[in-house]
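Undergrad: So the chains spell out like this:
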Amino acid sequence: MAHRFLHSPTLSLVTLALGVLVLGSCTPAPEDQPPGTITLTADFSFGGDSVLVGRTAVDHNGNHLRLETFALYLGGIELLTDTGAIRLSDAERWDAGDDNRWSYSVVPGTYEGFRVHLGVPAEFNTDTDPTIWPNDHPLGVAGSAGLFWSWNTGYIFSKFDGKADTTGGNDFTHPYAYHIGGDANLIEVRLDDPWTVDPCSRHGFSLAGDILQFLSAADAPIDPAIDNVTHTGDNPDLAARYVTGQRATVTLTRNP
Amino acid sequence: MAHSLSPLVAGFGLLALAVLGGSCEPDPTVCEPPSAATPLEIDIPPFFPPMDIPPDNPTTVEGVELGRLLFWEKALSADSTMSCGTCHMPQFSFAEPTQVSTGITGAQGTRNAMALINMGWATRFFWDGRAITLEEQVLEPIPHPDEMNLPWPEATARLAADPAYVARFNAAFGSDEITADGVSKAVAQFLRTMISSDSKFDRWRRGQVQLTDQEFQGYEIFNREGGDPEVVSGGQFGGDCFHCHGEAGLQFTDYLFHNNGLDSTFSADPGLAGVTGQPLDSGRFRTPTLRNVALTAPYMHDGRMQTLEEVLDHYNSGGVPSATIDPFMKYSSGGLMLQPSQKAALLAFLHTLTDTAFVQNPAFADPH
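Each protein sequence line maps, in turn, to chains R and L. Just so we're aligned, residue 869 is where the first sequence starts under this note's numbering, counting upward by one. Just so we're aligned, residue 104 is where the second sequence starts under this note's numbering, counting upward by one.
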């Protein structure tokens, strides 16, 4: 009886159908457990206020600065493990007025830390053709608009420009532009802090920094009245000073 | 017995359900072209970026053919004297040699007709960027009272009265109904095929020809920072062209909006500010491509400059200061300070961007 039951055609078909239902579904997870989620937010400020095009602020030298552009790349976003790093994203683009928040699925487990770079990783920078990316990818031709000038100069890692009144008034006619690029100016912002990602858990990391402090915290503080323009290649010393200010003031924290 | 379901039948039914119900849902972001239309894959030239095709307007042979007919269709103007091609003339790289365009009523516009080149890669349309998509851009000139002045209901009725057009719309979109949406989609498909990639510069990039010494010197000036380093921090005595007309994807535009220092006030034409309402956008206009720039005179959004020499002199001067002038303009430091020989070299380079094969391409010519 049992032998005959196991070979029932009806039961075989039902079993086959159930098998097809399971195997034919669209959600075959690569891991056994559901992933956790990491959300990265980047909250840059301008003189303590949110970054808005047209906003004005007074720098450490009393210059009245009007911001017209602030944009940058967050590249090489990675989880750190005891054996290396797991890349979550090659690059994201930060623009004033955008949401500037990115989420990633993460396999459950214990991680040693997290890191972000201010800029574009070397493997995607100069001598790399932006047309290899989808057009609207942050590194693609349209997605990088204003942050890629040619393969001679590569991607612009960060861009802060506008006009100043160096007398502290509101006559904004003096231009300033800090356009940073080049592999040597890639900044790693790293948090070595082991933590565990449980299935379906949510985690947050916050990147923060005040643009005016990029000027004041530089090795040699930058006065836009005097040192007002660098596109990196044309004025590498000023670019390097600006980078030291970025490096000194940008922070990365893990939210509880 | 009559109401009982055979276990065998139930098993087959469940199996069929599993096979059908368990299959993946189609990707909702991808639209297949109408079954009657023939998909057309646009060839992307070397060093060009991928072209984003709207999911709801895939390119087809029939759609492009229809779009070409519509582009050149004079019945789409109120008095049947004007088509898109009237102001976008092939020999001028699909721009117009007059300062501003004149509509069928004699009314004049306020801006110079933009060249139609490589539109499939553009991200905003019109000088002020008021159209977000190519399809949206196509919708405007036909009913505009200062242009073709034909309301859309009348335009579509005229087309619907022509059995040939009905058949072509059916072939392209699978429906006899002719709508403004269908017209815009067809014309947009045609415009996406209008690709310029055979200038001397393109052939040089492909290693097929050499630039002359003067042309190459101009190319270097194009890509160098502007200004005297004694006056401008980081100046390289260059033309400073690449910031806005960069080579990324060989399009020679950053697709952004800039105030290049033409005026000190903007009441006559606020540019992008007229769309966004933001004062800081006053006087900002879309960066045009420099492809075929030697064919597209006059220049600037209002066509105020007749020659490329005038344009170079303007940038060399540094421009007129204003509240929104672009920081790249050298208005506060005496301009670019290019010498005549440097300007001549820059001019020679700009001429290497001329693509006569594009303007003479029979696939873009008037088919009527």
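For the record, the hints were derived by calculation from the structure and aren't laboratory data. Hints may contain errors.
[Unchecked claim] Here's a subset of chain R near chain L, in silico, CB distances under 7 Å, partners left out:
#1 Asp917
#2 Ala925
#3 Val926
#4 Gly930
#5 Pro1002
#6 Asn1003
#7 Gly1011
#8 Gly1014
#9 Trp1017
#10 Asp1033
Computed from a prediction, not measured in an experiment: that's the story for all the values here. Ideal placement from N, C-alpha and C gives every residue a C-beta, glycine not left out.
Undergrad: For which of the previously enumerated hints does the structure constitute a violation, in increasing order of number?
TA: 1, 2, 3, 4, 7 and 10
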